[in-house]
Amino acid sequence: MAASWTRGLAWLALWFAGLPAWAAGSEPSPPQWAEARATAADIAAALARHCPVAGPGDQPAFEQCKRGLFGDAAVRDALDAVVLWGRQRDPALSLQASSLTQFAPDVLTGLYLPLFMFDGQHSVRYVASEGLFQLRFATAFRNRLAPGQFPYPFWHDAEKWAMYQGATEVLLWWEPMRGRVKVAQFTVHGTQPPIAVVGQVPAPAGFGGQWMWTDAQGQTQPKASLFDGLYRRDNPWLGRLEGAYKQLALRLRQGECDSCHVPSNPDKSKRLVLLQTPAHAAGEIERLLKAVREDRMPRDETGIENPLDATTKRALLEDGEAFAAVLDAARRWEAQARLAGAAGVPAALR
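Under the working numbering, think of the first position of the sequence shown as 1, with each following residue one higher.
These are computed hints drawn from the structure, not numbers from a lab.
Computed from a prediction, not measured in an experiment: that's the story for all the values here.
Misleading hints may appear alongside valid ones.
[Said to hold, decoys possible] Straight-line distance between alpha carbons at most 30 Å, and here's what the computed DSBU-like set of lysine-lysine pairs gives:
| no. | residue 1 | residue 2 |
| --- | --- | --- |
| 1 | 313 | 160 |
| 2 | 246 | 223 |
| 3 | 246 | 313 |
| 4 | 268 | 160 |
| 5 | 268 | 246 |
| 6 | 223 | 160 |
| 7 | 290 | 223 |
[To be verified] Distance ranges between label pairs, derived from CB positions:
| no. | residue 1 | residue 2 | range |
| --- | --- | --- | --- |
| 8 | 234 | 33 | 44 to 50 Å |
| 9 | 67 | 242 | 16 to 22 Å |
| 10 | 218 | 33 | 16 to 22 Å |
| 11 | 246 | 157 | 40 to 46 Å |
| 12 | 189 | 321 | 42 to 48 Å |
| 13 | 71 | 206 | 21 to 27 Å |
| 14 | 239 | 146 | 19 to 25 Å |
| 15 | 146 | 197 | 39 to 45 Å |
| 16 | 339 | 92 | 43 to 49 Å |
| 17 | 35 | 197 | 33 to 39 Å |
Quick reminder that beta carbons are idealized off the backbone N, C-alpha and C, glycines included.
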């Protein structure tokens, strides 16, 4: 059953997000070109405003970028409800054939895009074979941050770490019919060098197979995966979020989910769902719960529904719903704090 559960969870990206039906289509209309260019300009301005060029290890600049992108609607609202993310290994490889990871918009804008710097340079092209506009943004990668500032140890894969460090552009694939970004990639195949000199540096730490770890000060790492810099430090729900996730993670481990829903992608899935940290699980929890409630997960190796036994299902739903409830409370507190801050209410009175 455990193996079946593991295989079935891998269908999450397919069943609920759906594989995008990328295909060649008719040429876009002039209004669609105009909208694509306007969208690219708005996104470029937001990226450059929040994440300007700085030193690749500049922590204050990184935190400014993270807070700005997480709260700025210009980027987040341009993203689809589910966005696929990954490196562009080969520009000739179709999106359908590319290995990509499924994220909620908050995960992409809060954990991944802030790792890059921008100066406003951008371009727009239409890729007929995909039926999508490609919005290209000149960039450079922050490769000298502390290990805990990355969502997970990118250096578990030497090629991945090298490609992140050499990134020259971030690509957003924009669908003209819906006006949303469906796929985001970073590439080393741009026509210009990175917008800042970052160079290649060795991995900032060794990788011992652990996606989360405890540092010498007794702190859980990576901090980025614990909503650090995204939620206010006085958010009363932060501590409970970590505890609720640990309980959920225990249930996921019982189903051997930690053996496949991890960045190393041992099953070589083309559409990976990550659940290995609180922030990653937060982006997928509603889809996960929906799948389990409706007995659509897990599925066997042929894709046939193979529901969990009643005890396992109940335990997973209870702990998943508890995590979702704490997450919702933390988000509502943040929203209220932002409104109060905008209204000038002192923090002590909120």
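Now for the hints, and whether the structure bears them out:
| no. | hint | verdict |
| --- | --- | --- |
| 1 | 313 - 160 | 36 Å, violated |
| 2 | 246 - 223 | 15 Å, holds |
| 3 | 246 - 313 | 17 Å, holds |
| 4 | 268 - 160 | 15 Å, holds |
| 5 | 268 - 246 | 26 Å, holds |
| 6 | 223 - 160 | 21 Å, holds |
| 7 | 290 - 223 | 28 Å, holds |
| 8 | 234 - 33: 44 to 50 Å | 46 Å, holds |
| 9 | 67 - 242: 16 to 22 Å | 20 Å, holds |
| 10 | 218 - 33: 16 to 22 Å | 55 Å, violated |
| 11 | 246 - 157: 40 to 46 Å | 26 Å, violated |
| 12 | 189 - 321: 42 to 48 Å | 44 Å, holds |
| 13 | 71 - 206: 21 to 27 Å | 34 Å, violated |
| 14 | 239 - 146: 19 to 25 Å | 22 Å, holds |
| 15 | 146 - 197: 39 to 45 Å | 20 Å, violated |
| 16 | 339 - 92: 43 to 49 Å | 48 Å, holds |
| 17 | 35 - 197: 33 to 39 Å | 35 Å, holds |
Hints 1, 10, 11, 13 and 15 from the earlier list are contradicted by this structure; the remaining hints agree with it.
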